[in-house]
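Protein chains in written order, with my numbering: chain G, 20 to 398; chain W, 20 to 398.
Keep in mind that the hints were calculated from the coordinates and are not lab data. Everything hinted at is true.
Dumping the calculated EDC-like pairs for lysine to aspartate or glutamate here, alpha-carbon to alpha-carbon at most 20 Å: (1) G/K34 - W/E118; (2) G/K276 - W/D335; (3) G/K276 - G/E214; (4) W/K34 - G/E118.
Derived list of chain G stretches under chain W, where covered just means 3 residues or more per stretch with a C-beta under 8 Å from a C-beta of chain W: (5) 92 to 98; (6) 313 to 319; (7) 333 to 340.
Yeah, the Cβ is synthetic: ideal placement off N, Cα and C, and Gly gets one too.
2 protein chains.
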Amino acid sequence: MRLDWIPAQRGDKLKQIDTPALVLDLDKFEANLAKMTQAAARADVRLRPHAKTHKCVQIARLQVEAGAVGICCQKVGEAEVFLGGDITDVLITNEVATEAKLQRLAQLARNFPHARIGVCVDDPQGARQLAETCDAAQARVDVYIEVDVGQNRCGVADPESALQLARIVVASGFLRLAGLHAYNGAAQHRRGVPERKAAAKHAAARAGEVRDALLSAGLPCEVVTGGGTGTFLYEAATGVYTEVQPGSYAFMDLDYKRNEPDPEWPVFEHALFVLSTAMSARGERATLDAGLKAFSTDSGPARPTFPGWRVHAVSDEHTTLTRIADGPDIKLGAKALLLPGHCDPTVNLHDWYVGVRGFAGPNAVVESVWPIAARGALF
Amino acid sequence: MRLDWIPAQRGDKLKQIDTPALVLDLDKFEANLAKMTQAAARADVRLRPHAKTHKCVQIARLQVEAGAVGICCQKVGEAEVFLGGDITDVLITNEVATEAKLQRLAQLARNFPHARIGVCVDDPQGARQLAETCDAAQARVDVYIEVDVGQNRCGVADPESALQLARIVVASGFLRLAGLHAYNGAAQHRRGVPERKAAAKHAAARAGEVRDALLSAGLPCEVVTGGGTGTFLYEAATGVYTEVQPGSYAFMDLDYKRNEPDPEWPVFEHALFVLSTAMSARGERATLDAGLKAFSTDSGPARPTFPGWRVHAVSDEHTTLTRIADGPDIKLGAKALLLPGHCDPTVNLHDWYVGVRGFAGPNAVVESVWPIAARGALF
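One chain only, chain G, in its complex shape (with noise of 0.2 Å):
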């Protein structure tokens, strides 16, 4: 992050924000803070959002004054961020697979002893190596078996094993077992109500089947965790769950906004954009300076906001626009928002957030900018 790359200064108009940006609409994405807060408060469930989508220390604070009860990262580099960013509460919800990461998640245990920070296991040499690494350091750390409740990606695949994982948590001096860690990932985006619901029905049977067997067994079971912005009041109505993680509720994006809707939830609004210019314009073709290296395409392209133009190529920093219908005139230095397919690695490619006021209204103003401090925390 360097600090003179910043695409905008408090007081901003829109127009003099510099491009390619990220820029959040402060007025929906609050809205969409407080609907999450309420939503889970309704469902009587803990809120845990994962700030792997945002890796920002202020949208953090943000969530825990709203409410939330810490963060969900997935990287021991965006727990030290949080941490550092006074996130006293903070669960990485995977593994940690490698020597180095191991020592550094101690060595956070270390420095933040008022703090609570939990981690995920799914393997018995690895729950070793944690409880070795943390017993040396004298590193007191949460941990969670991760469940494999559909996705087939990490977390295990039965109670006997969570049992020995569970077994070797508790011989350790210095790790405290917590709970499950149960998320499906796939799940969010099932286009179907019935096969969202489903899937976290589904998810809620493995957990609970684990979370029983480790009651009986005589090993604690306090917090059952998981569930996105797809499917968290599902998770949320089983009772199994007591936890619930979504991130990308606060910000939207394209592939969640394909998902049928509930008429039951909240409906959560796009709060995130790529701001951009269009650097060529000849006609029926405006290209603009924003590419793969400002918006990823993994669920598809960003796409402008405005009717009668579509997405024609994308190159790395380029995005070329052909008109269909009666598109509005793009001339040479038009600023042109568009909507990012899947925000999390959009985020990731970003340094700020430049958040507006008054977003869609003629008094349009920079707020806030924001750094995105855990970008690139890929360790």
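Take the given structure of chain G and dock chain W to it, following the hints.
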């Protein structure tokens, strides 16, 4: 870029590199550089490698030491990094569209009076803005008229438009009309040799027509620059191009390797890899700690360099492999090398290159750790 997030130190073995890391096979990489130097010399064309691929001052220096006349880049921010790193001839092969960036470009030219800095124009309004900004700042900048030679992205469509731009440039007191930028990115990945040859011939015809119009009007046109890793020798052979701009040849990627090889050409080999670790392993399934935030998937996912396993799914921080046929066992903690689909946006996700000597042998050792200083140079 955080100095505490460095994946390796000089002297480390492969297994000590923290993951996910961008690893460079230095022997192959240096061979690619040498082959390009020879190929350009034999074709009697100036070599100006594209640094948007690598974004690294150390690599740009090696390219210049190997005979390149300078480098290309796409953004003013990249030019800042390379000029600051003592690369004294930098061409921005792109239009600069925002007022803030035009000011930075002029400032850069003022701050590096002994360097050569080039930029493209394709619009009279843009050319006038550039001239006004540079004249006001007394900033000497080389200008290239971009010609659309088939990509339909940026560039003028005809000689008359080029003449109009040329007259604006020569009327300025501080701009120097250097020539034409005539690049067709889409042509680089046409699979068949005849199609790539035809694209280069078409590009040369269009660029030649514009060049001739400028010269006939008594205007200068010293340089015609363009051509990438997939076509550069075809452009060079036309006699129209005086300079070529390949970038990916230094690393290669799966997309380029899908091209039909031309037996007359040097063979550039894969030198860039994403090193990952198996963070969860269960028989027929192995989950690696590298996902959408460690490689770009716009040209397909990164793929394992070893046989017997295929990519099942890629998510933000994970790639799940499934065993096919008789693939070797993958144990928890095992390292797995992946070949990126598209090198440029993959590099842009990392802060460091880990350069390994003797990569394929038993004594592979980290020889260099280079910062990707222009990563995230969006502006």
